Every structure is written in C-alpha cells, then in structure tokens.
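Next come the chains, spelled out residue by residue.
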Amino acid sequence: MVVRVQTAPFDAGKELALITEGNFNIGGVCSFIGLVRDITPSGKINAMTLEHYPGMTEKALQKIECEAHDRWPLESTLILHRYGKLYPGDQIVFVAATSSHRHAAFEACHFLIDWLKTQAPFWKLEDSPSGGRWVEARARDDKAAERWGHGPNQKPNLT
Amino acid sequence: MVVRVQTAPFDAGKELALITEGNFNIGGVCSFIGLVRDITPSGKINAMTLEHYPGMTEKALQKIECEAHDRWPLESTLILHRYGKLYPGDQIVFVAATSSHRHAAFEACHFLIDWLKTQAPFWKLEDSPSGGRWVEARARDDKAAERWGHGPNQKPNLT
Amino acid sequence: MRLLYFAWVREKIGMSREDANVPDGVSNVGDLIDWLSGRGREYEEAFANKASVRVAVNQEYAKMDTPVKLNDEVAFFPPVTGG
Amino acid sequence: MRLLYFAWVREKIGMSREDANVPDGVSNVGDLIDWLSGRGREYEEAFANKASVRVAVNQEYAKMDTPVKLNDEVAFFPPVTGG
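Protein chains in written order, with this note's numbering: chain A, 1 to 159; chain B, 160 to 318; chain C, 319 to 401; chain D, 402 to 484.
Hints listed in this document are in silico derivations from the structure and should not be mistaken for laboratory results.
A portion of the hints provided could be inaccurate.
Unchecked claim - If we take Cβ atoms under 10 Å as the criterion, some of the chain D residues that face chain B in the derived model are:
1. Pro-424
2. Ser-428
3. Trp-436
4. Tyr-444
5. Arg-455
Unchecked claim - Okay, the calculated bits of chain B under chain D, using three or more residues with CB under 8 Å as the criterion:
6. 259-266
7. 269-278
What you are looking at is a predicted structure, and each value in this text was computed from that prediction instead of being measured.
Backbone N, C-alpha and C fix where the C-beta goes; we use that ideal spot for every residue, glycine too.
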C-alpha cells in the first residue's frame, strides 16, 4: 500500500513498475489518472489550486486502500494525489490496484477513485476568467461512491 | 487510436503521456497492464511464448478500438501487445482509454481487454517444468466478453 | 481546542487555524458550531448553512453529536472535491 | 489458396503455411476442412475436433458456410488466448 500527497508530478510508468516489481503473482494492473481539463461544468478555467488537510488526507487515503484490500484479493495498491497550483493537462491524481486477476484490479481501482472523490479532504479552487470559484461537490460523485456500499465517513452531514 | 504489436517492452508512462498530450478535454485515463505470472491455472511456468497472426492481429485490434469509440465518448485509446518469449513479471499487453469523464474511461478500458482476450489472434505456449503446453481458452474470458454484448467475430465456431 | 478551517470556510472565517478557549458547556460538535456562530459575523456566515459544512474531530469525519474535548483538533470544511 | 496454421494446429499439421491447389468443388470453409482432412493423418488429426478450431478467411473470422475462393487467405487456429 502506497499513499503519497505531493506537489510534484509523478511518472506513472515508474510508479507502476515499483508496485509490481518482483511479484510474479500479479496478472493485472489497473490504474487511473485524473487530469485537469480546461473546460469544467462551470466554464473555461486557466488553472486550479488544490487545498488539502495535511494529516487527515494521508489517513483518509490509507483507509480507502485498506477498504479495497478488505474487499478484493489485491497484491498492491497505490494512491498519489497532488496539491497546489495545477494547469490544464496536469495530472491531479493517480490510483492503481494489482491482482492475480483483472476483474479484481479493475473493480478495486474504480472503487479507489470513487471513494477518494467523496472521502479524501481535498478542495479545488478554479481560476476562471471571472475569478476564483470553489468547485462544488457533485451528486454524481456521491452516487458513484454509493455503488460500492455505504461509506464510513463523510456521508453523515451536519443536519 | 493506437495499435502496436511488438516484441519490445513498453514504457507505460511515456505511452500514456503520448495519448493525452495537448488534449485538455481529457479528465480521466484508465489503463490496464497484463503481466506474466509464474503460476498459472495449470501450474508453475518458467516462461511463455506468444504467437500471433501478423496482419489479422492489427486489424482485429483496430476493430476493437473502433467498437470502443462507437460505444463511449472517448478522446483516445491505445492497445499494445507483445509477442515472442516472455518471462514471469514481463508485460504482455497494455490497453488504455481516455475520456472527459472517468466512468467512460473505466468501462471502455475494461471492454478493450475483455474483447481483446476473446477476439485478437494471439496464442500462449507455456514453458513449464514438464514441457510446452498451449494455454486453453477459458470460459471465464468468454463470459467477460459477453458482458459487453455479442461479439461480431470469434463466437460462431465450426460445429 | 485546535480549530482548523479549509476552503471557503477558511475564507469566510478569515483564518486557517486558531487555538480557542472553548467554554465548559460545549461538549459536542453541534454545541461547538453554535458557540462559534455567536463569536462574530464571519463565523455566523460560515456556519449559516450547516448542511454545506463537514466536520472532522481528530482527523475523523464527525457528526453533530460527536463529542469534543479540550485537546481535540476540530476541522470545518466544505464537501470534498478532490480526485 | 494461401493456407495458414497457428499454435497447435500448426504443430499438428507440421507447417505454418502452404499454397494449396484446392479442387473446384471446394466452395466454403466446411468443404475446405473436409478436403484437407483427406490429405493425410496430420490434417485429419488437426481437424478431428472441429469445435476446437477457429477459421479466418482473409483475416476475418469465418463460419463453416463462409465462401472461399482461389486467391483467399484462409487461416486455422485454436481459440485465442492473448491478453
């Protein structure tokens, strides 16, 4: 299990090599990279700034990985997330899951990103031509996370 | 759309960079790497040799990519497949799909590998302690491909 | 009590962290929000719509009735939007 | 007609390709297999279990009733196992 929160970009090929190296039981590696788009649901953006909660972020990401290992027979997992100022085309997040069989790898990888989106304490501030704008959480992401069953964390809100 | 059949290993990070570069409409990149395991359903193996049908292989892979583009709103796709002698831990295949949204990328990537496994003319010869052994097609792979609807090609057999 | 604010909650309150002398009667998250809301207009505005604020106590997601104690770290922030 | 054999079909027949002078009566894949099976024990064994052989005509998957013509490329192989 690997969790890293960093400002620097990552080398997907190198990271995948690290989580598979020497493990000849791995038959499949599924990975997902999230990138900054230049058009978002609220319009054109020049850049975005990702804020996070140091300390809690790492814990939340580790929990998501543990949950994935509980649910699927995985050999290794990886979550890398960037913060700070990012531009269109930049990588934001990289998740991966390895397993002896491909379906477990696909499902676990999909789960990692779906839960990360609703559980990990990151916030996006879009820098648009009309000024800064905090991205709002999307019902679609909640739905995607709910597919995997009840989340332990963020769901109970304050009302 | 990229299709390549080669003996050389590939650099996943570099390949992913190539299919995303300059396209700021891509929000998600899902990719899958298949690796040689040292234990297969029939036992321990030392190596495996992949044979394929030059000419038909490239056509079959292109068709699979076209089918994925027909079914999902994709920005780009990639299929790389190796042939020749490979050892445990070696990469066999690399597929990827990019889209503005992650679910399309995940589904299309899963589809690419599921269909490839039942449609692309590759054959694995396992080199085990007891000699060479042609890998048999697995019902599980047919089932996985059927999830995506009827395949146009290999299904009708000769009986 | 160590209080942390993130994203637009931080912007509304005007700071990212503070060490607050929370009175004795404040025993859970709900009490804490009520107390903070009475400290000034910036707090009142930040907590005006409770449904849009998430809370973590010692870096774990919390609810209105989650207890808070003297040395806890309590964070307030909008629903998360990473990934 | 250009005939190609792959994997264990190639091993059983003992070659990977041949240019065959196929007689006039052979008009589809089924006819071709029947004719080949009569050419010797290696062919007979390769095609003994038709259900385990796949066929492509001009690099497209084919069925028993797919027509074959003089200049076609016809390939015989086991179910695929790549990926």
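**chain B contact restraint on Arg-455 (chain D) - CB to CB distance below 10 Å** = holds (6 Å)
**chain D covers the segment 269-278 of chain B, three or more CB atoms within 8 Å, holds or violated** = Our answer is that it holds, as 5 residues pass the Cβ test (under 8 Å) against chain D, meeting three.
**Request:** Using 10 Å as the Cβ threshold, decide whether Ser-428 (chain D) counts as touching chain B.
**Result:** violated (16 Å)
**Message:** Does Tyr-444 (chain D) hold up as a contact with chain B if the rule is Cβ-Cβ below 10 Å?
**Reply:** violated (15 Å)
**Interface hint outcome for Trp-436 (chain D) [beta carbon to chain B under 10 Å]** = Since chain B brings no Cβ nearer than about 14 Å to Trp-436 (chain D), farther than 10 Å, the hint is violated.
**Request:** Would you check whether Pro-424 (chain D) satisfies its interface hint, that is, whether its CB is within less than 10 Å of any CB in chain B?
**Result:** violated (20 Å)
**Prompt:** Count the residues of the segment 259-266 of chain B with a beta-carbon closer than 8 Å to any beta-carbon of chain D: does the count reach three?
**Reply:** violated (count 0)
Against the hints set out earlier in the document, violations occur for numbers 1, 2, 3, 4 and 6.
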